[in-house]
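K.L.:
Here's the letter readout for the chains.
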Amino acid sequence: MTHHQPHLDTSPPVSDEIRRTTCYMCACRCGINVHLKSGKVSYIEGNRAHPVNKGVLCAKGASGIKQITAPSRLRSPLKRVGPRGSGAFEKISWDEALALAVAWMKPLQDTAPEKLAFFTGRDQSQSLTSFWAQGFGTPNYAAHGGFCSVNMAAAGIYTIGGAFWEFGQPDWDHTRLFVLFGVAEDHDSNPIKIGIGKLKGRGAKVIGVNPIRTGYNAVADDWYGITPGTDGLLILSLIHCLLEAGKIDLPYLAQWTNAPCLVGPDGLLLRGEDGKLLVVDTATGQPAAFDVPGVQPDLGAVWQGSRTVFQHLAKRYLAPDHAPEAVADRVGITAPRIRALAAELAHAAFDQTITIDQSWTDFRGTRHATMVGRPVSFHAMRGISAHSNGFQTARALHLLQIILGTVETPGGYHFKPPYPKPFDAHPVPHIMPRGSGPLTGPHLGYPRGPEHLALLPDGSPARIDKAFSWENPLSAHGLMHMVIANAHAGDPYRIDTLFLYMANMAWNSSMNTAATMDMLTAKDGAGEYVIPRIIYSDAYASEMVAYADLILPDTTYMERHDCISMLDRPISEPDAAGDAIRWPVTEPDRDVRGFQSVLIDLGARLALPGFVDTEGAPKFANYADYITRHERRAGVGPLMGWRGDGTATGRGAPNPDQLDRYIANGGFFQAHVPDAARYFKPWNRAYQDWAVEMGFYDAPQPYLFSIWSEPMRRFHAAAEGQGDRQPPEALRARLKQAMDPLPIWYPPFGEVAAAAYPVHALTQRPMAMYHSWGSQNAWLRQIHGRNPLYLPTKIWAKHGFAAGDWARVTSPNGEIVVPVEHMAALNPHTVWTWNAIGKRKGAWGLDQNAPEATKGFLLNHLISELLPEQGDGLRWSNSDPVTGQAAWFDLRVRIERVDAQMQSLPAFGPLPDLGEPS
Amino acid sequence: MTSLPTHTDRKLGLVIDLDTCVGCHACVTACKGWNDQGYGAPLSDQNPYGSDPSGVFLNRVHSYEVQPHDTPAQIINFPRSCLHCDDAPCVTVCPTGASYKRAEDGIVLVNESACIGCGLCAWACPYGAREMDADAGVMKKCTLCVDRIYNENLPEEDREPACVRTCPTGARHFGDLADPESAVSRLVAKRGGYDLMPELGTKPTNKYLPPRKKDRPQEASLLAPLLDIQATGFAGWLDRVLGKI
Amino acid sequence: MHPAPSVIIFSVASGLGFGFLAFLGMGLVLPSGLVAFALWGLGYALAVGGLVSATFHLGNPQRALLAFTQWRSSWLSREAWASVAALVLLAPVALSDWLGLGWPRGVGMIGAALCLITVFCTAMIYAQLKTVPRWNHWTTPATFLGFCVAGGALLSGQSLFAGWALMILAVLLMAGFAEGDRRFAARGHSMASATGIGRIGTPQVFEQPHTGGNYLMREMIFIVARKHVEKLRIIAVSLAAIFPALLLFLPVNALTIAVAVAFHLIGAAVQRWLFFAEAEHVVGLYYGMR
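Chains as they are written, first to last, in the working numbering: chain A, 1 to 918; chain B, 919 to 1163; chain C, 1164 to 1453.
Don't read these hints as lab results, they were simulated from the structure.
Worth double-checking, as some hints may not be accurate.
List of simulated lysine-lysine pairs, BS3-like, C-alpha gap at most 30 Å [stated by the list, open to error]:
| # | chain 1 | residue 1 | chain 2 | residue 2 |
| --- | --- | --- | --- | --- |
| 1 | A | Lys91 | A | Lys619 |
| 2 | B | Lys1108 | A | Lys54 |
| 3 | C | Lys1293 | C | Lys1394 |
| 4 | B | Lys1121 | C | Lys1293 |
| 5 | A | Lys841 | A | Lys79 |
| 6 | A | Lys40 | A | Lys91 |
| 7 | A | Lys198 | B | Lys1108 |
| 8 | A | Lys841 | A | Lys523 |
| 9 | A | Lys276 | A | Lys315 |
| 10 | A | Lys91 | A | Lys523 |
| 11 | C | Lys1390 | A | Lys798 |
| 12 | A | Lys523 | A | Lys79 |
| 13 | B | Lys1131 | A | Lys198 |
| 14 | A | Lys91 | A | Lys79 |
| 15 | A | Lys794 | B | Lys1131 |
| 16 | B | Lys1131 | B | Lys1108 |
| 17 | B | Lys1121 | B | Lys1131 |
| 18 | B | Lys1108 | B | Lys1121 |
Quantities reported herein were computed from a predicted structural model and do not represent experimental measurements.
Whenever a hint applies, use it, and build me the whole structure from the sequences.
P.N.:
Next up, the structure:
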């Protein structure tokens, strides 16, 4: 038979033009090539030259094209005309909208700036938003880190001077064993996928420690299906095994950590007269400053009764209560498997040492001929941190990395500039006495002790979210999840205007969603709303829109400028500092404005410092102008690349052509770390000098890792009754437990109240969805249009579940009725579902009978922002007691089988379609 | 003609590594994005914001659970698209000649201008590789990005299928499986790449690499305690440990 | 497989129509004048109507002529040729019967053979599909031809022939049901072979690739109402074969034939619905649904 085939043009034109910008479909900030045909976006792919994604792109990024045509896009400023929550709005002009906002804000600025609470959700412009809020003078500013991963970030900063994701990552090219703790798919997603791909490509081992075996855990070579909330217990037991076997990196501990420092009688470390930490020099047996040339710190020293941190840690973790046999039942992993995991860590770290032929000189002046590494690396994110013991658990994980000697050594964990940056190189929190003008520094910071708490003279919290109060002293990212509840309760005080950006607080970003909706619509005795005014900016018709009084419609990410700044959360890699921009690759077809430009406009109208010139005229035309010309310190602005005449990096005068240079370079800039500076960054002279040159800091600042945390100890000591700033009595015991200067584990809060609720309930984010944003996307919602609750075999069988069944799920806070499915690869005491697939009817431009609204559901209804009352008449927030991180994953439930339903419960009345008319 | 070529010079195809695929669906939407604006009719969606959204995807990622007899259950993510079979049953059933296999590289394509939309090729395919576009009424399938892999308007490094280019974990490999020395052929040989439903005799070009053995921690290397802490006490342990420096 | 009404109507009507045309072509019924016009018209109407109905499920029916091009390899193309050849060749025979022209019958015999070939080709479209094990068997063309011959004989009033043909059809149907039930497993298809991951353990679906619907699931996976299969099988065999055969024991006249044909058609439609609804495509293995 003959074969015949048609002629085919295999070289058709691809597009008219490629514009390279930065993705915003999640928090990763990948580089994208946006193809345009006839002026319309036709195709989006990853930018091969980009440091974050190196050409690859996730499911969300490639679907961005559907984000700029989604019917849910808001079209013009809106002013509420019906009752709050009804979604009845009228369209108004931008002039009217901005005038209204100023009319509400100006009186507050003049008299009571704290009555404006400004909180941002998916904010990648925090250096601008916080600068604006400082200028306004309100102490009430934060982004969403408090309900995200502040435990991980703060524990990292306080311990090693950085954490995971934006702070640092595994040395993917050299690591031989990678251990992933907990849900982590939701941050740094493409880089981790690229990294796992590299490990798989060379057959290196991946271990997953997670109650749920999906995603990265699905490809893990070994899976440890841990019981939620017990990661810290497991990690400390691993430390026990490693100590017991002597499989710890003693030279590393002696040289680079405060393990050889001496714990004085007050629990603080002994310091010399110059304030420097003291160690005992093995050569002389005498105390010496930790950084004097040639000092050989003695880990086993005792000086005038003071023992080294190393002895304290060894004594604590060698105790039998940390033995695998003592913890196995609670963590849900057998003792032999815990011991096997410890053995694998030790084997990779100490038997597979790698050496890079690169000399370097440490801060003591000692020259090292090579860089020797321990190729074990870890990653963890919200999974271990969204518990009320999350801060200490994250500290424990960092301690594990330290004793293995993996941090900043080849094959281990690797900082990304401007990190490493220890807590004492960060600012402390700033609040000003009320009504006295701008703040003198950033709202958020890292307290060194009780003296840095944000308290009013009467001892009450200065901030509406009670950040930096005794309830959560180290709340470095604020507590956005407590703002609405506290404002509603008038605790610590009432506010006037709630100003929110891109935060779906009336739905998936709040605990206790239904109650939050009630708080947003609650009225006082006079018939006025308890939260009198709400201004909200979002690009899309999210559930929150209906609860605002004034809507400032944002653009989509392809229609505006942004900067991913070294002043904020840059896109650095371990081997290169980097920052990036977004720019309008397409123009909006509706009456919307980029929020940052609107904020700058409002700043000028309110005459905030930094936003007007000496004549009082607006200083910046828009955000692009601000990005180019704003200087935070002399010569240091939002972007580090092409400063001055276009040749300066890091420091240099504003360059009017800077954005064009970024655009020409694909939307990003990188400054590469010199070879001799690539590892051992906190102690490496070459790195420290380079960092000063780049403007990350103004003088070299080598430091020791804080195994023993002095800031923690200062709060601990206060809880013991020392010092003049004392916690309320009710919090004393809790602080004494939580602020232990060495990592500890304690059961998550609510464990006792949850005795009748034996099952752990978790959520995790599907890799093809980000928060709520994917549901309005025509492609992504076909992948995840509804979410079942997955039940482990034991629960499935016990209750006699069958395919198609539903369940009633009850927690101390409420109940939901939802579809269920069976999953065997799951911890036997855990149920879970995909996060934020459930939608309110009518929101996001979707049909009222969309599966997201009929079959989808949120676990949020089951989670309270407050813990149950514990007999003292007080209800503490459902947060970590150290940082205030929302303890989403402490949720405990009870399951009952019910017949198949047509509608998941609770269901709420439909919202009107606020998006584009179809 | 719908007859198959007796021989193809090359056998271009994909090798999909099930040990590495994390199930992120990146390939699914990269494919949708490219082919929505590339070869032939767009990949339409019906009721995209409605109660029952549906659309054409040329690549879909399944997720399975497997219960081994002696270790914990596993989840395996499984991308599924056209396998560009040597003996492609979808080609020979086509009544119009729209379905064909290219002699030069073995890619199976649909000439949409000749497709009457009878759906028979989709019935003939065991792998669910073909989906009818409800708007255009023509059969859509993976083209192996035939409009990318030879496209002189693309940089050389981008001349690979969109799914391969985007895959964040590098679980998808593209190459000539007729050449035993190609990277993909060597990968298949090394990792034991296999065919789907070999019993049907379709001789797929695409191969799947099986997941590596899991959950076998190295039992042999358990850590030996330095010495009995109970017996020697903490001081003994400390001496012993620090003696190692 | 999705039991699309257009395809059920097509195959039932054209099967009966071509069967009837075959009997007319062979001259086993020799009408004349208006009766011939009516009977030939009925045959043509069923056959052509069925074919037209089949085009309703085409995405681009305006290109249907292209379906004639691939007769070397495609059963659908062969069906197109055979059907057109049969209809064209039988046209002068019909004309001759209607107008009493008395043209020779040889062409009619060839036409009759082409009618059977057409139905065989139709059946082979299904029977060739290895992907649908229930169809991929000689009983499929045998059953289609059984319907064609029995229906044609019934409509032609060939009561003895029809009786035997209906009995054979009943046996074919029952054999087909019984044999078909075993075939999927016998062929060795399973989720394990479809995915290759059975080497690790027993696979099952954890999560479907999309929560949204798709063509494959609509077209190839039909599981609704299978629980009524046993009843429907009895109805199909009874109405399509046994009742009409029993009716033939009554005096044969237009009424009994009409009633028998009506039963037969309903039975054929039920059988054809089952033919699709019971057919499991191997692609269902990927979805854990067959």
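K.L.:
Which of the stated hints cannot be reconciled with the structure, identified by number in ascending sequence?
P.N.:
none
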